[in-house]
Amino acid sequence: MIEVICNDRLGKKVKVKCLPEDTIGDFKKIVAAQTGTAPEKIVLKKGYTTYKDHITLDDYEIHDGMNLELYYA
Amino acid sequence: MDEISLSLEETNKLRIAQGLKPIPIPTANSDREHTALPQKAPTPEELIDQFKVNGYTLLDGVAEEDLDDWLSNLGTSKSQPQSFPVEPLPEEAIPKLSINHSAREIGTLSEDAIFTLKDSNILDEGSDGDQLVNADLEAQRKLKEEIKERKKMGKVGNVQYQDDSEDEATEISVLNGETTIKINGEVVEEEAEKRKIAFSLEDEDIVAEALVSDFVPIKMKKAKKKKDSSSRKRKLDEEMQPVKLQKVELSSNASLEDDDDELQAMLALSRKTKQKSRKKMTPEQLAVEVRQISEEEEKEKRRVEKMAARKNGGLVIDATTEFLSGLENITLPEVETTEVAEKRDVVPDIHTEEAIPVSIKQEGDHTEDVPLDVKQENLETRPIHFLTNEAETPTFDGGLSDTLRFLQSRNVITKKSETELSREKQNREWQRKTELMKLQQEIDQRVQQSTKITDKRHAKPNVSDDKKFFRELEDRLKNYNPEVKLKYTDDFGRELNTKEAFKHMSHQFHGTGPGKAKIDKTLKKIEEERKARELASLI
Numbered sequence: 001m002i003e004v005i006c007n008d009r010l011g012k013k014v015k016v017k018c019l020p021e022d023t024i025g026d027f028k029k030i031v032a033a034q035t036g037t038a039p040e041k042i043v044l045k046k047g048y049t050t051y052k053d054h055i056t057l058d059d060y061e062i063h064d065g066m067n068l069e070l071y072y073a
Numbered sequence: 001m002d003e004i005s006l007s008l009e010e011t012n013k014l015r016i017a018q019g020l021k022p023i024p025i026p027t028a029n030s031d032r033e034h035t036a037l038p039q040k041a042p043t044p045e046e047l048i049d050q051f052k053v054n055g056y057t058l059l060d061g062v063a064e065e066d067l068d069d070w071l072s073n074l075g076t077s078k079s080q081p082q083s084f085p086v087e088p089l090p091e092e093a094i095p096k097l098s099i100n101h102s103a104r105e106i107g108t109l110s111e112d113a114i115f116t117l118k119d120s121n122i123l124d125e126g127s128d129g130d131q132l133v134n135a136d137l138e139a140q141r142k143l144k145e146e147i148k149e150r151k152k153m154g155k156v157g158n159v160q161y162q163d164d165s166e167d168e169a170t171e172i173s174v175l176n177g178e179t180t181i182k183i184n185g186e187v188v189e190e191e192a193e194k195r196k197i198a199f200s201l202e203d204e205d206i207v208a209e210a211l212v213s214d215f216v217p218i219k220m221k222k223a224k225k226k227k228d229s230s231s232r233k234r235k236l237d238e239e240m241q242p243v244k245l246q247k248v249e250l251s252s253n254a255s256l257e258d259d260d261d262e263l264q265a266m267l268a269l270s271r272k273t274k275q276k277s278r279k280k281m282t283p284e285q286l287a288v289e290v291r292q293i294s295e296e297e298e299k300e301k302r303r304v305e306k307m308a309a310r311k312n313g314g315l316v317i318d319a320t321t322e323f324l325s326g327l328e329n330i331t332l333p334e335v336e337t338t339e340v341a342e343k344r345d346v347v348p349d350i351h352t353e354e355a356i357p358v359s360i361k362q363e364g365d366h367t368e369d370v371p372l373d374v375k376q377e378n379l380e381t382r383p384i385h386f387l388t389n390e391a392e393t394p395t396f397d398g399g400l401s402d403t404l405r406f407l408q409s410r411n412v413i414t415k416k417s418e419t420e421l422s423r424e425k426q427n428r429e430w431q432r433k434t435e436l437m438k439l440q441q442e443i444d445q446r447v448q449q450s451t452k453i454t455d456k457r458h459a460k461p462n463v464s465d466d467k468k469f470f471r472e473l474e475d476r477l478k479n480y481n482p483e484v485k486l487k488y489t490d491d492f493g494r495e496l497n498t499k500e501a502f503k504h505m506s507h508q509f510h511g512t513g514p515g516k517a518k519i520d521k522t523l524k525k526i527e528e529e530r531k532a533r534e535l536a537s538l539i
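So the sequences go chain by chain: A and B. Everything in the first sequence is counted per the UniProt record's numbering, starting at 1 for the first residue and increasing by one. Everything in the second sequence is counted per the UniProt record's numbering, starting at 1 for the first residue and increasing by one.
Take the hints with a grain of salt, since some may be wrong.
[Stated by the list, open to error] Quick list of simulated restraints, FRET-style, between CB atoms: (1) A:Glu3 - B:Ile114: 52 to 60 Å; (2) B:Gly19 - A:Met66: 23 to 31 Å; (3) B:Leu74 - A:Met66: 55 to 63 Å; (4) A:Glu3 - B:Leu67: 50 to 58 Å; (5) B:Gly19 - A:Tyr72: 21 to 29 Å; (6) A:Thr50 - B:Ser5: 22 to 30 Å; (7) A:Met66 - B:Leu71: 51 to 59 Å; (8) A:Asp53 - B:Ser5: 16 to 24 Å.
[As the list claims (entries may be wrong)] Here's a subset of chain B near chain A, in silico, CB distances under 8 Å, partners left out: (9) Leu6; (10) Thr11; (11) Arg15; (12) Ile16; (13) Leu20.
[As the list claims (entries may be wrong)] Cut-off 27 Å, straight-line C-alpha distance, at most; resulting in silico cross-link-like pairs (DSS-like, lysine-lysine): (14) B:Lys531 - A:Lys15; (15) A:Lys15 - B:Lys21; (16) A:Lys52 - B:Lys21; (17) B:Lys531 - B:Lys276; (18) B:Lys13 - A:Lys52; (19) B:Lys13 - A:Lys12.
No lab work stands behind these hints: they were computed from the structure. Here a beta-carbon is modelled for each residue, glycine too, at the ideal position from N, C-alpha and C.
Using the sequences and the hints, build the whole thing.
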């Protein structure tokens, strides 16, 4: 289990427990449930790369305690 | 800003609601890992089976020993041969091994030397098979080779002799317990038990001898400094030889001839330069020149005729002849003593061009019968006379006029033309007049002022006087047309052209000067010009 922190820098910061083999899509669903937003509206970014839904956290090399940028489309 | 984070249970509930796999609880996780990780380790028997090659293992031969035996045997060397059950194996199974070192080299090795298989290409399965190599020996050999290479580099070019004896690939091949030693291709078979190896050294000796006979010591030829020594020798010779003094004939004839030759050469040179300098003439110019020459000739003729006519009538003494004769008396007093003009040519004197006609007139005075003949003769001899005089050094007896004449003849001081002279004269007159005018004016003014003080009538400025003055000025300047010509000269008094003048002034303004090379060049040029002028004056 890993914990990934998502911050939208507008007042919402969520710490999400997840598995490395989860896809970004799954991850978004949990984040959406925790923040109360629609998962389709969530955009995850790190630097200039936007994470795509069908790829796992492991493939993106997202590790425990990492910070992701949370945007709303 | 608070972090929203759910507990694991809550997350799991969420995940399940979303249709995702729940996150395993850590404690349960660790248990599972522990149970899962250790796989069944292979038993020693299995391992042995894995490493068995051809059904035999290294342990096969070892007798079953106790642990204590093994411990007691640990320090001792294995002197007794191990009792392997040596079975005859097929030839191909035993790899053919050969040691890649000479016997001598092996002899140097200590007992516990280790041989390793030489690196070779896997695919290249040549006839020579595997080679055993000692690392130390290999390193030594490499070092030797390197040294040799360096030596070669040292004496580049002339490497005639190489010590090949070291390179003898003495090959010892171990084959099935028997040792065969190859030396220079000859195979010497030895028994395995005999540690001593007897070489037939004859062969080597022969080879060595041959090499010795082949060896030709290179004689380094020192580069002799032949040139230097020879030159020194020559120098010495020159020093040793007494200086031979050549007799120089001092006959005046010879010297004169020499002079004549030189003169001819000079003449030729000047003629050439003149021809070069002469512009290409148009036919009209040429015609004009020809006419002038013919006119001059005619004049000459007429003069001669006149003289001839006078000869009958006797000598005419006019003012000029009187003056000239007087001048002659002053400048050349000894001339009077000489009787004939021809003699004067021989006697070295300070005659100059101008002096000759004077002397003729003198002659005319004395010998009234033959004035013309003398004159004629003198006319003919004149140029030569003049030239011979030039060659001699002037004595400057005649004072300043003589010096001036000499300088003029040498073209050091150029004679002024008549126009120039007249202009100068005019200028002088002008200056004198203006001076006079100024004086007059001053006098007038003073008179006026003195009268002004005494008389009040002249209080008003006199207009009529001023008018008069200006009119005078105008009159004075009526035919005043001076020729203005700007001339720039350098430090030597040479006239400069525009470019040179600009440079000169620029240098003056900036307080700089031309470079050394430039100065040298100009000096050289001046010298050349001077020489050319002298040459021109000579001719």
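For this session: Taking the numbered hints from earlier one at a time, note which ones the structure violates and give those numbers from smallest to largest.
Result: 12 and 14
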